[in-house]
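Novice: Sequence lines, in order, name chains A and B. 1 is the number of the first residue of the first sequence in the working numbering; add one for each residue after it. 1 is the number of the first residue of the second sequence in the working numbering; add one for each residue after it.
Keep in mind the hints are simulated off the structure, nothing from the lab. Positions of the beta carbon are idealized from the N, C-alpha and C atoms, including for glycine. One or more of the hints may lead you astray.
Stated by the list, open to error - Calculated lysine-lysine pairs in the PhoX-like style (CA-CA distance at most 25 Å, straight line):
| hint | chain 1 | residue 1 | chain 2 | residue 2 |
| --- | --- | --- | --- | --- |
| 1 | A | LYS197 | B | LYS57 |
| 2 | B | LYS109 | A | LYS183 |
| 3 | B | LYS14 | A | LYS199 |
| 4 | B | LYS347 | A | LYS183 |
Stated by the list, open to error - Only part of the chain B face toward chain A is listed, based on derived beta-carbon distances under 7 Å:
| hint | residue |
| --- | --- |
| 5 | LEU11 |
| 6 | PHE19 |
| 7 | GLY49 |
| 8 | PHE50 |
| 9 | GLY63 |
| 10 | THR64 |
| 11 | GLN283 |
| 12 | MET285 |
| 13 | ILE286 |
Said to hold, decoys possible - Residues from chain A that keep clear of chain B, each with C-beta distances beyond 12 Å, as calculated:
| hint | residue |
| --- | --- |
| 14 | ARG71 |
| 15 | PHE135 |
| 16 | MET193 |
| 17 | GLU202 |
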Amino acid sequence: MKFIVCIKQVPDTTNVKIDKRTGRLIREGIPSIINPEDKNALEVALRLKEEFGGEVIVISMGPPQADEALREAIAIGADRAILLTDRAFAGADTMATAYSLGSAIKKIGKYDLVLCGRQAIDGDTAQVGPQLAEFLSIPQITYVLEVNIEDNKIIAIQELEDKRVKWEADLPALLTVTAEANKPRYPSAYGIMSAYKEKEVEIWKMKDLDVDEKRIGMDGSPTSVKRIFSPEPKGKGEIIKDEPKKAAEILFNRLRAKNIL
Amino acid sequence: MDYSISKEYVLLRKTVREFAEKEIAPVVEDMDREGKFPHENIKKMAKLGFMGLPISKKYGGSGTGMLGYCIAAEEIGKVCSSHGTILGAHTSLCCMPIEMFGTEEQKQKYLIPLAKGEKIGAFALTEPNAGSDAAAIETTAVRDGDHYILSGTKIWITNGDIADVVIVLTVTDKALGARGGVTAFIVEKGTPGFSVGTLEDKMGIRGSSTAELIFEDCNVPKENVLGDVGAGFIVFMKGLDCGRLALAAGCVGGAQACLDASIKFATTRVQFGKPIWENQAIQWMIADMATEIYAARQMVYHAVWLKENDQRFTKESAMCKLFASEVLGRVIDTAVQIHGGMGYMKKFPIERMYRDARVARIYEGTSEVQRLVIANMIRREVL
Ligand SMILES: Cc1cc2nc3c(=O)[nH]c(=O)nc-3n(C[C@H](O)[C@H](O)[C@H](O)COP(=O)(O)OP(=O)(O)OC[C@H]3O[C@@H](n4cnc5c(N)ncnc54)[C@H](O)[C@@H]3O)c2cc1C
Numbered sequence: 001m002k003f004i005v006c007i008k009q010v011p012d013t014t015n016v017k018i019d020k021r022t023g024r025l026i027r028e029g030i031p032s033i034i035n036p037e038d039k040n041a042l043e044v045a046l047r048l049k050e051e052f053g054g055e056v057i058v059i060s061m062g063p064p065q066a067d068e069a070l071r072e073a074i075a076i077g078a079d080r081a082i083l084l085t086d087r088a089f090a091g092a093d094t095m096a097t098a099y100s101l102g103s104a105i106k107k108i109g110k111y112d113l114v115l116c117g118r119q120a121i122d123g124d125t126a127q128v129g130p131q132l133a134e135f136l137s138i139p140q141i142t143y144v145l146e147v148n149i150e151d152n153k154i155i156a157i158q159e160l161e162d163k164r165v166k167w168e169a170d171l172p173a174l175l176t177v178t179a180e181a182n183k184p185r186y187p188s189a190y191g192i193m194s195a196y197k198e199k200e201v202e203i204w205k206m207k208d209l210d211v212d213e214k215r216i217g218m219d220g221s222p223t224s225v226k227r228i229f230s231p232e233p234k235g236k237g238e239i240i241k242d243e244p245k246k247a248a249e250i251l252f253n254r255l256r257a258k259n260i261l
Numbered sequence: 001m002d003y004s005i006s007k008e009y010v011l012l013r014k015t016v017r018e019f020a021e022k023e024i025a026p027v028v029e030d031m032d033r034e035g036k037f038p039h040e041n042i043k044k045m046a047k048l049g050f051m052g053l054p055i056s057k058k059y060g061g062s063g064t065g066m067l068g069y070c071i072a073a074e075e076i077g078k079v080c081s082s083h084g085t086i087l088g089a090h091t092s093l094c095c096m097p098i099e100m101f102g103t104e105e106q107k108q109k110y111l112i113p114l115a116k117g118e119k120i121g122a123f124a125l126t127e128p129n130a131g132s133d134a135a136a137i138e139t140t141a142v143r144d145g146d147h148y149i150l151s152g153t154k155i156w157i158t159n160g161d162i163a164d165v166v167i168v169l170t171v172t173d174k175a176l177g178a179r180g181g182v183t184a185f186i187v188e189k190g191t192p193g194f195s196v197g198t199l200e201d202k203m204g205i206r207g208s209s210t211a212e213l214i215f216e217d218c219n220v221p222k223e224n225v226l227g228d229v230g231a232g233f234i235v236f237m238k239g240l241d242c243g244r245l246a247l248a249a250g251c252v253g254g255a256q257a258c259l260d261a262s263i264k265f266a267t268t269r270v271q272f273g274k275p276i277w278e279n280q281a282i283q284w285m286i287a288d289m290a291t292e293i294y295a296a297r298q299m300v301y302h303a304v305w306l307k308e309n310d311q312r313f314t315k316e317s318a319m320c321k322l323f324a325s326e327v328l329g330r331v332i333d334t335a336v337q338i339h340g341g342m343g344y345m346k347k348f349p350i351e352r353m354y355r356d357a358r359v360a361r362i363y364e365g366t367s368e369v370q371r372l373v374i375a376n377m378i379r380r381e382v383l
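Kindly generate the complete structure, drawing on both the sequences and the hints.
Specialist: This is the structure in structure tokens:
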């Protein structure tokens, strides 16, 4: 089976600071990492490969430095890595990104499963996976917690806020995987050495793909950012400490005063 | 001169750091209290190729060279000296000598499973009457046809009770002594006549085991002689050159952890209405710690560079071991001082780190012995 995992290199936002004036992330000195949930997606692919055999291909669109993220994916266990890097791809929103990744996946040829992380920690949109599935015209299951393949069908448990749903889809399909799905393995020391000394990351430029230039990069991105700001932290909640009946009455009156009831 | 570290090593450092923080740190306290060997973590480390870092891929290792091994030792040293000690005895003192001196057959049979971490290794030199004076060992190996018969007792052997493979130093010719009379053997667990005696209860590095090994008419085939008959001292000296370097790297890591903890504590602990950091007395302590750690780290990676470039590094590795272990001693002592009473309490890791750090100036040659080695090398250079 052929598994394709889309990964994105992102700044490690766990300790990131925000420039108060521009509202943007201060990227200097912040290490780049593989987007955490992409690692969960890679882990799903590696486990399926261990069970059913095949090949795991990682693909990323990004600047040349994204090479590091792909090599890390190789060190973790991916068999092949492709980097879409070209000035023409720069400034892409989720739609142009999905279109470009999709074009590259079409070039790879026959595949069984595309896996993405649920969302990237820098943009938090969770859009690229679903858009990619639409572009490839394949079924998608999002927010995946558990996966199995039976009789050439994918069976996945989707984790929603209030419930879990079991879905079944024909292959090929696309999954977006959540952080709770698994514990991603570490790269091995021998994998790290091999990723840098023995393996290659394939570089694909715009001209290597069959793409409509108007649909990639900045030009292919209908999204424009109007304003960036840090939302004010919500005020502290208040606990009404009283006997239940009295507390309910206080709450009722407050809500009424705010025209909520 | 290029001090930059290539990307594979940056990733290796990041990986080992994450492993140490997520897998090792949570078990350290329990391990220390109960004196429990971290079997689970050693298995995980084996899977990731951490138990054979400097060993070539051909023999089941990860092929990271001494640089990758020392980077890993430094990162593990930040979190747990017990893990560092277990890894060090296994890698530097068992795997590396077999790679350096073993026959192809020995490498196939012993090194591959050791480097993959499927088997654990140990190194047995010390005896009740032979510590710093290694030439005073009394364990004998007497040739008997195609076997040798080993008799004697080794003490304080790291990994001794769990090791599947032990390198044992013996006397094969008392008259020749250290120059030609000492021979190293590879002895397998389960060899008749080889048993484990008492386990030590220790001040620190309590997660690593320290065992007595007893050899009573223990039959070892002659194919298990490591290096040449009579050349056991060379096996041990070359192994220690690497061992001391990795140990020094671990000390740098340990000292860095003390510094990090001290900075965190000093900037948050408020006395007299301000963080204690605001006192110049504390700032100077921190500055001295940071400076000494910087010096120790440069020494270690320079000596690594010497080794990787096939230059002699015996003197330098002894210097690294001496300096880094003493820096660790000073730094942890200052760290306790900065933490005040909190540094003395078991609920804070500084107390354990203080106990763990002490052995670094003793094992793999005491500080005095390192000075002896350094002075001997200098004498050879000038006289
Ligand atoms: C936790 C732990 C783990 C160990 N693991 C191993 C292991 O895996 N394998 C192994 O073989 N051994 C191991 N050892 C033994 C260790 O290598 C020895 O303890 C060490 O070499 C010192 O020997 P000693 O303890 O007998 O001290 P001694 O040699 O008795 O020394 C006592 C003191 O005298 C000083 N001294 C001795 N001779 C001189 C001299 N000529 N000049 C100046 N000062 C001198 C020493 O520096 C020291 O301060 C371990 C020890 C410990 C504590």
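Novice: Indicate, hint by hint, whether the structure satisfies it.
Specialist: For each hint, the structure was consulted:
1. A:LYS197 to B:LYS57: Holds, because 12 Å separates the two Cα atoms, which is no more than 25 Å.
2. B:LYS109 to A:LYS183: violated (34 Å)
3. B:LYS14 to A:LYS199: Holds - the C-alpha atoms of A:LYS199 and B:LYS14 are around 20 Å apart, at most 25 Å.
4. B:LYS347 to A:LYS183: violated (29 Å)
5. LEU11: holds (5 Å)
6. PHE19: The hint holds - B:PHE19 has a Cβ within 7 Å of chain A, the shortest such distance being about 6 Å.
7. GLY49: Holds. Min distance 4 Å.
8. PHE50: holds (6 Å)
9. GLY63: Holds - the Cβ of B:GLY63 comes within 7 Å of chain A, reaching about 5 Å at its closest.
10. THR64: holds (6 Å)
11. GLN283: violated (23 Å)
12. MET285: violated (26 Å)
13. ILE286: At 21 Å from the nearest chain A Cβ, B:ILE286 fails the 7 Å test, so the hint is violated.
14. ARG71: violated (7 Å)
15. PHE135: Given a closest Cβ separation of 32 Å, the condition holds.
16. MET193: violated (5 Å)
17. GLU202: Given that every Cβ of chain B is farther than 12 Å from that of A:GLU202, nearest at about 18 Å, it holds.
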